[in-house]
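> These are the residues of each chain, in order.
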Amino acid sequence: MIPVIMAKKKASQFKSKAAQSAGKKNEKKHNPFEVHINRVKHDVIGRKNKNDIGLPGISRAKAVKKRERTLLQEYKHSYKSNVFVDRRIGEHNPRMDPEKKIALRIAAEKKRQFSKKSLFNLNDDEELTHGGLVLNDTNINDRIQNSDDEDDNMLDAKFVKEQHFGGGLFTKHGASEDTDKPKSKKEWIDDMIAESKKKKAESRKEKDDQYEAVAKLDSELQTFMKLMANQTLTDDDKDKAKKSGEFRDYDSLVRELEFDRSGKARAVEKLKTPEQLIKEERDRLLSLEAERVRRMKGEKVKENTKSYSADDLDDGFMIEGDDNYHVSYKDGKILTTASQEEMDQGEGDEEEGEEEEEDEDIENMGEKDDDEGEGGNDDDDKNDDDDDDDGDDDDESDKYSDILEDSASEEEDNDIQTVKNKTSKSMNDPQKKEIMEAAKNEIPYTFEVPQDYDAFWCLLENRSPSEVNIILDRMITCNHTTLGATNKDKCDDIFAYLLQTLHMLTDVDSDSPITSISGMEYVDAIIPHLYTLTHLSQANSAKSFLQVLDEKYADCSNMKFKRYPLANTFVFLKVGGMLFPPSDFIHPVMTPVLTFLTHLLGQARVTTKREVTAALFTAHLLLEYLSASKRFVPELMNLFNGLLYMAIPDQNKAHLPLSPPFKRSSPAAMLLVLESEVAEYTESKLPFRSLNSDEDDLDDEFKINIIYKVIRSIKHLCCCWSEVPSVHSILTPTYQLLKHFHLELYPTCVRESVQKLLASIEHLQTQGLVPLVKEEKKPVTIAMMEPAIEKIIDGKLKRHGTKEYLEKQKLLHKLKRERKGARREIQQDNVFMARQKLAETLQRDAERAKKMRQIMSELQLQEGEVKKMKKKK
Amino acid sequence: MSDNNKPPAASRRTMKLLLKQYKDNRVKNANIIVDVMQRLESNESGSITSAITGLHQIFTMVLIHEDIQLPRDNLPESVQSASEKFSTWLFARYTETHNRMLELLGHKEQGVQELALCCIVKLLQSEGQHPIKTTPGIYPFPIERLEALVSALVVDSVDNQHLITLLFEYLECQDFMYYSLMAVNRIVKAHKGKDITEVYMNNLFLFLEQFSLPEGGSSKLLIQKLLLYPDSDEKVQEEESTCEKKTSPFTLPYEQTSQCLGDIWEEVMKYSLTPDLHRRSLILLPDKVMPHLKQPVQLTGFFMESYNRGGGLSLLALQGVFVLISKHNLDYPDFYTKVYAMLEPTIFHARYRPRFFMLLDRFLASSYLPEYMVASFTKRLSRLCLVAPTPCLILLIKFIANLLIRFPGLRKMIHNPHATSVERDPFDADESDMSKTHASESSLWEVASLQQHTLPYVAKAASFINRNLPIMEYNIGEYVESTYEEIFERNCKLTVKENVPTTFHKPKGLFEYHCDQMSQDWSMV
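Just so you know, the sequences run in chain order R and W.
Here the first sequence is numbered in my numbering, starting from 13 and rising by one per residue.
Here the second sequence is numbered in my numbering, starting from 361 and rising by one per residue.
Everything labelled a hint here was simulated from the structure, so no lab data went into it.
Predicted model only: the values in this text are computed from it and were never measured.
A couple of the hints might just be wrong.
[Said to hold, decoys possible] Cross-link-like lysine-lysine pairs, in silico, DSS-like; alpha carbons within 25 angstroms at most: (1) R:Lys675 - R:Lys751; (2) R:Lys500 - W:Lys866; (3) W:Lys698 - R:Lys665; (4) W:Lys866 - R:Lys697; (5) R:Lys555 - W:Lys868; (6) W:Lys549 - R:Lys555; (7) R:Lys291 - W:Lys866; (8) R:Lys284 - R:Lys500; (9) W:Lys857 - R:Lys500; (10) R:Lys197 - R:Lys219; (11) W:Lys853 - R:Lys564; (12) W:Lys549 - W:Lys654; (13) R:Lys832 - R:Lys62; (14) R:Lys92 - R:Lys78; (15) R:Lys727 - R:Lys665; (16) W:Lys687 - W:Lys648; (17) W:Lys648 - W:Lys552; (18) R:Lys642 - W:Lys866.
Only chain W is shown next, with the shape it has when bound in the complex (with noise of 0.2 angstroms):
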């Protein structure tokens, strides 16, 4: 450059002085960008962070005033001006800046990453802010740069899942999402029929899961979030009052959207997942990708087949299959029979109990279900208070209640004036047809054991049989998490009064004392 004449010694001068000195005349100092970039090229982190920081703020200064102004054509050097000259020179050196942090997204320590990911992402939004080529019409998002931050992260090789989840914050404004998507749908692309490694599904997946598109597009969002706009609401409005032709607002094209987000998926429903990742797109497909999808039958198949498999993974599928048959007109007949089949003891242990129970309540929610069947499933969940951990019954009790509200024909089975003695439970616990269980002629006498369950909080809850029922549903929400650890604090908070009662007969020993059942079975040593 024409003033070259900064002394070498500059790059052992700090760092904040070579900001000011920047900021007092950005074209007479500005080999001190060339400085600062060597520094980059250090060994020692704490360099590199200072250096990282020093670019960031360099280019932000660069960005805001738009030194960088690009020439119209391709004029030969010789031609151009010296500030043309320059600018071109600068735009170089960001261009290169941000090259060279993306290659240090592979450096081998974390904060080094983290730093240079947050370098680039607020980059991108001063760029998007202060466009270096502005083209009317068109939203000035530096696509480019993402796209080229995008591949950076979702790579075969490393796993850049902690880079990735820093990016959640930015992924739910609307510009970066959608543009981010692009780049994910065209990164998909480029690896269709190529060889799938874990790790970058594990990176492709952190980007799925957080991609939530607005259901109909970002119109019905009330407060949209934009990257380049961060505080839009308000400027949005004094723009389209004000100046129409400045760069429009952005708006999520949801056609476009929702086709990528299709796309996608049809591509990863392709990939032999993991079986954590098969959960995870269980989970994940009915909340954010069904209700976008043209065609969600598509992946009746999918769900099927998970549904079909068994223990936890048919429990997740569930949902899918549920939202497919409510929603989408799947015919499958065995619904209920198979949910009523998963009943068994082993779900109180499942992880997925809170989950499964609130599906459950969904599922036994219309007031179309055949009585026979409510009333079996009814029955069955009483039977299990019978084998139930004691957390779980709580829950159990709350749902039959529920159900016992919901189904007014079910309240015989508390109330049954009418009915002889019989001489055993009507009700057939390994009938798996619910028509024939002959559950709507039992009575719940599981829930009148529980009365005398030895916590007074079940037996209370138990207790709900003798009385009328309530008018309202509980919510089930508040139990299905319920843990042992909480019945324990909570008959903990009892208060111990100055008179509480004791025994009253004095032990002899660890197995000698009053009506002692223990010694017969155990002694001391």
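So here's chain R without its partners, still in its complex pose (with noise of 0.2 angstroms):
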């Protein structure tokens, strides 16, 4: 059973009702004793209030009545699948007269037995349709005029507009005569109806116009096509035609374009936007990729196995080559031909192949290549193997099987499984060989992100850096964040992998893709990708690289920090740089890593080439990173200081400013002295790769080089904190530790160096020093309050709150309203339906006791005669 909500009605009923109530006072009186009075607690005197009045009795009564009409006959009807409609005519009319009744049906039973065409058609009145349309003859045929008939009817859209909804007295009136006094509403009915009737009788005109003309070119029509039939046009007539017909000049001007080959009007091409340009290339990567696989299986390209043609300038001498081999293939199973193979294979790059094929197999890439391997396998065998291998790259990769299929129906193509056999066979050939082996050295053109890290590197084992370079761009191309949802994911992973790879490249003893070469030549390879991929995905690139970060400095942590870490630690600390801003206030990635910098400098100790080394890299990569910035970092400078320190041969050195992590009584103190007197010197590049080396002979080249290269940072230093306003005491150690230098061991191109820095470090303590002064700030007014005044309209309580809000807690208002309504309905539905049922129970007990007496008292009257009639016996 539904509950019938009428709360909303019945307000509005209730409301109306009152309304009516008020008004029509005069006219019936209700029983005081049935009016219920709403108790007013304050009145306000002029306000008219609504709900002051009910009537319960009668509202209870209209209710129940109501309920009586719907949620009775639901009641009724719900265990029945069926509701009989009584559609007899005036059935539901009680007020109807009986008489009248019974005349109307049978008139309306004679109408429909005259109307119908033959007496046993049963289904006569039923007319077939379709779109809302009756199926007959002359709908069929009168489309248009049906058609227009029904919009007949309706007036036009602008009209309706104007005259119905647009406030037409004001709008249009007001704006054509405004001279004129508003015309009264009944005029302007008038009009209206007037124009409206025009307008109908206008298009009416216009549509039989049209349709007769219709008629009449249809007859025409007909006409000429009796006439035309017996005639021809000859090629005279049709030049006559066009050149007389109306529409020769546009036929002209098209046939001009098309042979127009000045360039006036060829068409270009579109320009591409970015990801058509990436997809192009990638299809370009995979129609290569395609063609490579083609030839590393020693297939011939499909323009090459084709027949050649007249125009075929080409010797030929390919195809006889094939022939030999075609025929003796033919005359059996050859095996002379595979072990010829075989062996050629042998003397080959037979490892290179089969790392060839496994890497092959990784990637996906490709069927391995079983034509080489069993070359000398049946017939049967390489087909089966054909298959299989493309049910497994189905699998495998979506990509790559749909060139492996456009490969499989070309090939069915040429339909001739004789000329793949060839094909396939002719790669004895030596030249095919030497295709084929050049193009399983050829990178492939398609690459899949491998699923871990093993698989990457193996696609790039073997591989020299630029063909690594190659690989990579491939690879991002291929997996371009543009060319689809997941791939965003997918170089995530290649970004993860690049780190990792990073990682091993510039390891100690470093896993290189060739061992001939060292892993540090691979980074350079490998940082633009880096690059390209953080741009792809930034924030992912980001957390992924944090993560780096994060496990280097807990290895350095583990360490406590007391020595450097190895070139695989700061080759992170490096790109990192690369790949975001360093300069930044903060930022997620670069801050981390500056702070990783500082805590290397403050705390790993120096006593090793190799730390020396490692700290002048750490050193000059903050320098790098703070000389944007112009930011200040302690640690830097103590790290230089302490490295010119370890330069200054004194013993006795200890008054000279030291900060920690360098010590004045380790052994280290004196690492840097010159040993002897050096007159030459040129600057070299510190490798990167010494980061790694543990080789201990330092020697005078070295030292120079690095106070060399310290003493220029220094003087970077300078210029960059020039504005830091405590430069000279910031400056003031290593001015002294500079004043105590043995210049005289130095090269001149030191020496001179020197005097500079320290001309530079006196030009700076020149200038002038301001004292602070705060800023000084603006007085902070007091908050000044806004007075709340309130606009007192009607008396009414004003609330408070943007126009959304008060809009809001109007509905809600109004939902709370509602649903207490729709409850109170329920809850009277709900007992109604009590009532109905326990009416119900009771007639039927009551049926039943009815039935029970009348029983009984036909048993007691059946014993009676059975008792009067023992007792007669």
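From the two separate chains plus the hints, produce the assembled complex.
Here it is, written out as structure tokens:
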């Protein structure tokens, strides 16, 4: 049973009824006992209260009646699947005269009978329709007219808009006849009716005309066709017609443009969006890859296998060669062929081939070259293999399987199994073999992103740095983020792999793709791609970079930062600054990197050659990161001072300034002291690799190199920090250290640079200092409170808040009221239903009791009679 | 014994069974004690441990049921009744067990040692609660047993530190602490004039470090933990109210204890301490010992010597010296000058850096200090900002801020609108006399420099000089122990937003990129 919710309606009814009752007070007087008066606590004069009077009896009766009409009906039909609908005429109209009722019914029946065309056609009065239209002859033929007729009844949309909804009184007439005084409403309505009638008539006339014209045209065409039936157009006629025809200009123009060679009207390719360019690039790579695979498999490219046409200028020696083997193969499965092939392979780069195969396998790139390895196998076997491979690829990689299918279909196009065999077997041809090998060595054009790092590493194995560069480039292009939603994850994977690769390459005993080339040389090949990937998905790259950084930091933390880490940590610190801007005041990646560098400088000890190099690298890195933002780090200066201190040969240099992590008493305090005078020195670059080497021979050249670089860096720092207020105090220790330098041991270039540095420090010192003054702050005004002015309109309570807020509150209020009403209605419904059920039960019981009584009385009667009979006996 | 009908197979039975039997009839099955004690002799540590636990339970039972009733006067054996004889026998076994346990403290396995120690202490507790000999008016603590234990622990040759650390829990109990203090005192006295080994000192110091007397005696303590009365608080009150005659709760005889402590330390000061012990005693003395000494000034020599040695020791001695100066009227005019001289870059890498800064905060807490002195300190600290490692920078900044809050006269160092521009900093960093450093004429340019520090955390903290000073001082304790790791962690917590800024020049290699400065000094290979 669905409870009838009538709260809203009821409320409105009640209101209207209340209003009515207010209006009809004079006419109808309620029984004062039936009226419920809502007491008003504070009566406000002049306010009309609509809800002060209620008629509980009447409204209750109404509600019950309504329920009887709706809910009760529903209840009665609740277990019935069918409803009997009484459609007899006048059955529901109690006021209708029964005689009249009968008369009407008879009339309707008569009418029905007369309208029947065939007495036995029971379905006669049913009409077939389609799309709301009756399907009969007229309709089908006169579509146009019919539809027009429908339209006829409708008024013009514009007219409707203006007259019905446009508030026409003011807008239209005001605009057109502003001088006239506004028409009265009646006049205006008359006008409107007249106009609409006129319009309707007009449109009808127009449509009639049109219809007539069409009919005329039809008939004319028919006669014309009859006339033309026995005549045909000659060429001359056509030409004439063309020349004299109405559309000649257009046609000739089209032709003209078509044959124009000057480029005036040549179609130009549309400018491409970056996505399209990337897609194109990928498509290109895909096609190249397909070709490569084919060559690798020893198949010829499609064109080559085709029979050459007459305009072929090739000498066709390839075909001849093919033919030879073709024939030899066709003679039978000649073992010699296979053995020869195997031999060839043995001589050739077997290892390389195998490795290659592995690569391919992992890349999902291709069908493992069965042809090559199992050249001697059966024809059937080979085919099977091919099929299998195809299947595998389908499973493994969608993208590639497409290509394979393509190639397969191409093969099918050729459709000659022998040709295929021929091509595959023709590998014995040395030239083919060369091509194949070249193809094998050639880098695949498409790359799937490997599932794990090992697979990724296998891709790079045996590749030179430039090849690695190409591989990565292609892999990123194939999996560009603009090509698919999932590619973003793949790019993140590549980024993580690259970071891991960087770690591996710069490790002490670094794994390198080619053992003869040091891993360091690959670093440059990887970095641009890291940059590209970072731009593809910034946040994820940043996160994975941070993860690596965190690991590295944890490693250092385990060593308690006593020693400088190896190159595989530094490389990340360096790369960080290339991917993310180090000059930001706060940056989620670079701030930790800077902290890391600072921590290294602040805590790690410098005692060996490697550590000197590492410390200098760290300092240079930090210096570079700071140089743009010109910010200050005490540790940096401490380190440079410490290195300078190490180079001072005085035995009693205890008075010279030094700050931790350097120690006065450690053996490293004399680490950079020159052993002898050096006259000649050419500056050399420090290799990044040396951050890993543990050799311990500190020669004078290295020492000078370090000192020279330190001095140059300090010079740079002077410029950087010239704006720092206490630059003088910062550089004082350096100045003291430099003053104690034994310059005579150093070559002239170092000497000069030291002098320059001293000069620039002195210059900085002469710059005056301004005592600190706090910025004057504007006096804070006392918070002003806006006076809350309330507009009191007709005594209603003003509610405060924004418009939306008020609206919401209003709706909430309404909702609450509605909910209350609905709940009450449901309760009332339940009560009603309960009453109904109770009544039913009572009735049923009463019936049963009555029946019982009846039966009992009958039985008693019977019994009595039986007893009577017995007595009689 | 009379009922010696137990079969020798008893040794094979499980300990659980034995205990059960013993529990059933303590007199009849008394020989189980002997059986169990035999097991202590075995070589297997497993059987020893089980034996120890068994004996512990047996004697706990014995003590709780007060089976041992020693005869008042030593009558000859013939005169004693059977129960008296049994009692004597039981007591002998108990003593024997105790001695065996003490021997087991030297067992080769640490687990056995610890178990034995535990057993001794627990038995001691049970015995105290159910004393064998009750002497009214005396706290029923089994002093002899404790003394035996302490003297077994504090020995010359064996390092018993791991065992002594186990006693820490019990040393919190006032009664246990008092009696072990007495025992230690006796031992120290016994060592007078003898050779002092390092092992002995190590053992001894562990005890000394745990003796913490409540100031002014135990009556001041709110909660007094007692070994014999684990839930003493309620018990004490009950006993006081109901039956006064019974064992009075233990009150620490403060006079005696402090006297005793003084005696011990007087002896210890005569030892030649190892550097480690020296350091430990320097930490220990000001906090735990000096408040209880009658004449702490006696320690002046010790502190001064340590103070003048320099380095870490002088750092540690600072506190003692300061206590002497502030509480005991020691006249030491150069104290602040020395502290001032300690402010060197090395201080940041010293082991006791947090301690030092906490102390420095205390030294400079008095508002009666002359302004030139505090100005010098402020300026020196701010100079240190230029060389200090990053985690200390926050500490220094907050410290300086505290000084500025405390001494309003110094505020001209961060806000001096009347001064004209100077050629160089008037502060003389090399001057050791604080009255001549001209610090108060200077400004804190160093802190201003830190506003340009690389790490935003530091830069923000340093910008306090641009704002009005807070009213409340910072709690230095929060900052003294910050490390690089904390800063790194804090920086790693920055959220990575979707559009995290990146560079916009594509690098070609590790040393080939836009605006690189490192390629002139570095190459790849």
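> Now, for every hint given, state plainly whether the structure supports it.
Consistency of the hints with the structure:
1. For a cut-off of 25 angstroms, the pair hint linking Lys675 of chain R to Lys751 of chain R stands: about 20 angstroms separates their Cα positions.
2. About 20 angstroms separates the Cα atoms of Lys500 of chain R and Lys866 of chain W, which keeps this hinted pair within 25 angstroms; it holds.
3. Of the pairs offered as hints, the one joining Lys698 of chain W and Lys665 of chain R holds, with about 23 angstroms between alpha carbons and a cut-off of 25 angstroms not exceeded.
4. Taking the CA atoms of Lys866 of chain W and Lys697 of chain R, the gap is near 23 angstroms; set against the 25 angstroms cutoff, the hint holds.
5. Pair hint Lys555 of chain R plus Lys868 of chain W holds up; C-alpha atoms about 23 angstroms apart against a cutoff of 25 angstroms.
6. Between Lys549 of chain W and Lys555 of chain R the CA atoms are separated by roughly 67 angstroms; this puts the pair beyond 25 angstroms, and the hint is violated.
7. The hinted pair formed by Lys291 of chain R and Lys866 of chain W meets the criterion: a straight-line CA distance of about 22 angstroms does not exceed 25 angstroms.
8. For the given pair, Lys284 of chain R sits about 23 angstroms from Lys500 of chain R by alpha-carbon distance, which is consistent with the 25 angstroms threshold.
9. At most 25 angstroms may separate the alpha-carbon atoms for a hinted pair to count; Lys857 of chain W and Lys500 of chain R meet this at roughly 16 angstroms.
10. Note on Lys197 of chain R and Lys219 of chain R: the hinted pairing is violated, with a Cα-Cα distance of about 33 angstroms set against a maximum of 25 angstroms.
11. At roughly 16 angstroms between alpha-carbon atoms, Lys853 of chain W and Lys564 of chain R fall within 25 angstroms of each other, so this suggested pair holds.
12. Note on Lys549 of chain W and Lys654 of chain W: the hinted pairing holds, with a Cα-Cα distance of about 19 angstroms set against a maximum of 25 angstroms.
13. Taking the CA atoms of Lys832 of chain R and Lys62 of chain R, the gap is about 20 angstroms. The hint holds against a cut of 25 angstroms.
14. Only pairs whose Cα atoms come within 25 angstroms are accepted, and Lys92 of chain R paired with Lys78 of chain R is accepted, the gap being roughly 22 angstroms.
15. Between the alpha carbons of Lys727 of chain R and Lys665 of chain R the distance comes to roughly 23 angstroms, so the proposed pair stays at or under 25 angstroms and holds.
16. Between Lys687 of chain W and Lys648 of chain W, the direct Cα distance comes to roughly 15 angstroms. Compliance with the 25 angstroms bound is thereby established for this hinted pair.
17. Taking the CA atoms of Lys648 of chain W and Lys552 of chain W, the gap is about 23 angstroms. The hint holds against a cut of 25 angstroms.
18. Between the alpha carbons of Lys642 of chain R and Lys866 of chain W the distance comes to roughly 23 angstroms, so the proposed pair stays at or under 25 angstroms and holds.
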